[in-house]
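J.: Let the hints inform the model, and build the full structure from the sequences given.
For the record, the sequence lines run as chains V and H.
Sequential numbering from 36 applies to the first sequence in the numbering used here.
Sequential numbering from 135 applies to the second sequence in the numbering used here.
Among these hints, one or two may not hold up.
To be verified - Each computed DSS-like pair below joins lysine-lysine, with the alpha-carbon atoms no more than 30 angstroms apart: (1) V:236 <-> H:328; (2) V:151 <-> V:51; (3) V:242 <-> V:154; (4) H:260 <-> V:242; (5) H:208 <-> V:236; (6) H:236 <-> V:154; (7) V:242 <-> H:272; (8) H:253 <-> V:242; (9) V:242 <-> H:219; (10) V:151 <-> H:236; (11) V:236 <-> H:236; (12) H:375 <-> H:145; (13) H:281 <-> V:337; (14) V:337 <-> H:236; (15) H:375 <-> H:328; (16) H:281 <-> H:260; (17) H:337 <-> H:253; (18) V:236 <-> H:145; (19) V:48 <-> V:59; (20) V:337 <-> H:253; (21) H:260 <-> V:236; (22) H:281 <-> H:261; (23) H:253 <-> H:236; (24) H:145 <-> H:172; (25) V:242 <-> H:261.
Said to hold, decoys possible - Derived list of chain H stretches under chain V, where covered just means 3 residues or more per stretch with a C-beta under 8 angstroms from a C-beta of chain V: (26) 234 to 246; (27) 292 to 298; (28) 332 to 343.
Since the hints were derived computationally from the structure, they do not count as laboratory data.
By construction, the Cβ of each residue, glycine as well, lies at the ideal position given by its N, Cα and C atoms.
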Amino acid sequence: MDKAVNVRDIIKKNIKSKKNVTEKIMPKVFLLSASISILTTVGIVMTLIFDSYRFFSKVPLREVFSTRLAPLNANPSFGILPLINGTILTSLIAMCVAIPVGLTAAMYLSEFASEKRRKTLKPIMEVLAGIPTIVYGFFAYSFVTPLLMRIIPSLGAKNALSPGIVMGIMIIPMVASLSEDAMSSVPNSMREGAFALGATKLEVTFKVVIPAAISGIVASFVLAISRAIGETMIVTIGSGSSKNFTFDITESMQTMTAYIVEFTSGDAGIGTTGYYSLYAVGLILFLFTLVMNLIAQYISHKYREEY
Amino acid sequence: MLTNGGNMQSKVVYSVENLNLWYGNDQALRDINLKIEKNEVTAIIGPSGCGKSTFIKTLNRMVDNIPIVRTSGKIFYHGTDIFDKSVRLEELRTTVGMVFQKPNPFPKSIFENVVYGPKIHGIRNKKQLMQIAEESLKSAALWDEVKDRLNDNAYGLSGGQQQRLCIARSLAIQPDVLLMDEPTSALDPIATNKIEELIDELKNNYTIAIVTHSMQQAARISDKTAFFLMGELIEFGDTKKIFTTPEDKRTEDYITGRFG
Chain V
36 MDKAVNVRDI IKKNIKSKKN VTEKIMPKVF LLSASISILT TVGIVMTLIF
86 DSYRFFSKVP LREVFSTRLA PLNANPSFGI LPLINGTILT SLIAMCVAIP
136 VGLTAAMYLS EFASEKRRKT LKPIMEVLAG IPTIVYGFFA YSFVTPLLMR
186 IIPSLGAKNA LSPGIVMGIM IIPMVASLSE DAMSSVPNSM REGAFALGAT
236 KLEVTFKVVI PAAISGIVAS FVLAISRAIG ETMIVTIGSG SSKNFTFDIT
286 ESMQTMTAYI VEFTSGDAGI GTTGYYSLYA VGLILFLFTL VMNLIAQYIS
336 HKYREEY
Chain H
135 MLTNGGNMQS KVVYSVENLN LWYGNDQALR DINLKIEKNE VTAIIGPSGC
185 GKSTFIKTLN RMVDNIPIVR TSGKIFYHGT DIFDKSVRLE ELRTTVGMVF
235 QKPNPFPKSI FENVVYGPKI HGIRNKKQLM QIAEESLKSA ALWDEVKDRL
285 NDNAYGLSGG QQQRLCIARS LAIQPDVLLM DEPTSALDPI ATNKIEELID
335 ELKNNYTIAI VTHSMQQAAR ISDKTAFFLM GELIEFGDTK KIFTTPEDKR
385 TEDYITGRFG
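T.: Here it is in structure tokens:
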């Protein structure tokens with residue numbers, strides 16, 4: 036019996052034209068692509084380390100870890116503590132906003148919202164993540180700060196509070212979306228097990244779903260913190276460039292990132308100590324996020340509930 | 135169709151009357167009437183998709199978790215209609231335990247799994263919890279195997295052990311009824327055998343309704359058998375009678391393996 040299409044013949048013909056060479060070359064191309072990001076990272080870290088070394092060889096460590104930052108002074112001083120302080124404070128404020136709001140939003144989306152509502156709400160929320168940070172910065176400066184001034188009259192036009200809050204708003208979608216992913220991937224059979232024991236919806240959420248998803252939730256927090264630490268435009272615009280070492284969040288303070296912006300857009304001559312200080316700040320910033328990620332890995336590994 | 139209806143009213147735990155259930159527009163249960171009696175094992179058999187799992191999940195209203203489900207009719211549990219507005223779902227489920235098709239322990243230690251129920255219902259005392267854990271694990275015939283590793287993760291146990299852990303977890307809140315939805319379908323024959331022995335033991339203290347795919351299992355362990363087909367209860371009665379002299383032709387066909 037004749038078949039309409041003789042598949043065997045076609046296969047026989049085509050199998051020879053499949054080049055072994057392509058099979059061998061393509062994996063190498065893939066490897067190359069994978070290497071690009073690794074090589075770039077290595078390159079950047081090397082640059083940071085070498086140029087930071089020049090900075091640290093000129094400036095004694097005692098000065099680096101002092102609270103006096105006056106790079107353009109006739110008698111310059113390069114204390115980094117005001118910058119670290121500014122970075123940590125603004126990030127802390129951001130987390131105070133992002134963690135509670137993001138996590139509860141994730142709980143709503145994953146456990147309480149109907150399928151239909153989740154499908155409309157999640158993309159809308161993720162739009163927040165697509166807004167350019169410069170817009171957020173402008174929003175902090177021209178909207179949130181004036182609003183806060185009504186509550187706190189002594190608030191400066193540039194302050195740490197307002198950009199901190201706005202950064203928090205910016206990373207809510209990140210926390211919510213990643214935590215929601217982690218919570219939704221908890222198998223339904225586990226929820227059923229708890230419901231069958233007479234647990235309420237809240238008990239199931241808090242005592243089964245969140246513990247089971249904790250590694251993903253913590254990972255989302257830490258990624259959000261990293262994002263806040265590295266965030267630049269919002270704090271540059273909203274928090275200003277005061278280099279004071281202060282814990283008063285109503286005052287202007289500078290973050291590490293804002294310092295780099297100020298110097299690269301100003302006129303720090305190549306080869307000056309001020310110029311190399313940029314690399315030192317960059318290196319410290321890098322170490323911050325690196326440590327953060329290591330902590331995240333440790334925590335999520337330790338508290339992981341395997342299922 | 136109903137055997138010993140009414141004559142020993144006090145023994146009746148569940149009395150299902152004219153129960154209908156729909157998933158959206160698809161009717162999954164049609165006019166079900168049956169009684170489940172105290173300290174008996176009631177097996178629910180039938181081919182896939184006949185509504186037997188849906189039925190058992192209606193008894194503790196687990197079907198409520200599916201938004202598109204609608205029901206009509208009444209299910210009296212010790213004389214109270216469980217669909218009545220005054221019935222608190224959570225309370226009902228504490229007296230009607232459930233064991234699922236696939237073992238579903240929580241990703242916690244063996245101990246934490248067993249005491250999860252008592253804990254959420256307000257028992258904090260460590261000593262009491264330990265007592266409850268020991269008792270429940272003994273009742274589930276698991277104690278000897280796990281007593282030295284109560285703090286290990288439950289997922290380190292074998293499938294059969296996990297299922298017995300889930301039974302222990304249900305027993306820990308001292309229910310009155312145990313619903314089992316194909317509890318051995320994911321287990322090997324040895325583990326299945328252990329669960330069956332356990333069910334035989336448990337029926338002294340609990341009323342058990344078990345959905346099963348295996349007719350042999352139903353014949354081995356149950357006192358009453360209900361045969362479901364396409365959402366209808368075809369025949370219900372003493373297991374012995376159902377398996378030897380079924381009244382309905384369809385029951386006979388199913389039991390002799392002519393379909394399903």
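J.: Compare the structure with each hint and give your call.
T.: Right, here's what the structure says about each hint:
no.: 1; hint: V:236 <-> H:328; in the structure: 33 angstroms, violated
no.: 2; hint: V:151 <-> V:51; in the structure: 51 angstroms, violated
no.: 3; hint: V:242 <-> V:154; in the structure: 25 angstroms, holds
no.: 4; hint: H:260 <-> V:242; in the structure: 18 angstroms, holds
no.: 5; hint: H:208 <-> V:236; in the structure: 25 angstroms, holds
no.: 6; hint: H:236 <-> V:154; in the structure: 29 angstroms, holds
no.: 7; hint: V:242 <-> H:272; in the structure: 25 angstroms, holds
no.: 8; hint: H:253 <-> V:242; in the structure: 10 angstroms, holds
no.: 9; hint: V:242 <-> H:219; in the structure: 27 angstroms, holds
no.: 10; hint: V:151 <-> H:236; in the structure: 28 angstroms, holds
no.: 11; hint: V:236 <-> H:236; in the structure: 22 angstroms, holds
no.: 12; hint: H:375 <-> H:145; in the structure: 21 angstroms, holds
no.: 13; hint: H:281 <-> V:337; in the structure: 24 angstroms, holds
no.: 14; hint: V:337 <-> H:236; in the structure: 27 angstroms, holds
no.: 15; hint: H:375 <-> H:328; in the structure: 26 angstroms, holds
no.: 16; hint: H:281 <-> H:260; in the structure: 16 angstroms, holds
no.: 17; hint: H:337 <-> H:253; in the structure: 26 angstroms, holds
no.: 18; hint: V:236 <-> H:145; in the structure: 33 angstroms, violated
no.: 19; hint: V:48 <-> V:59; in the structure: 21 angstroms, holds
no.: 20; hint: V:337 <-> H:253; in the structure: 24 angstroms, holds
no.: 21; hint: H:260 <-> V:236; in the structure: 25 angstroms, holds
no.: 22; hint: H:281 <-> H:261; in the structure: 15 angstroms, holds
no.: 23; hint: H:253 <-> H:236; in the structure: 24 angstroms, holds
no.: 24; hint: H:145 <-> H:172; in the structure: 5 angstroms, holds
no.: 25; hint: V:242 <-> H:261; in the structure: 21 angstroms, holds
no.: 26; hint: 234 to 246; in the structure: holds (count 7)
no.: 27; hint: 292 to 298; in the structure: violated (count 0)
no.: 28; hint: 332 to 343; in the structure: violated (count 0)
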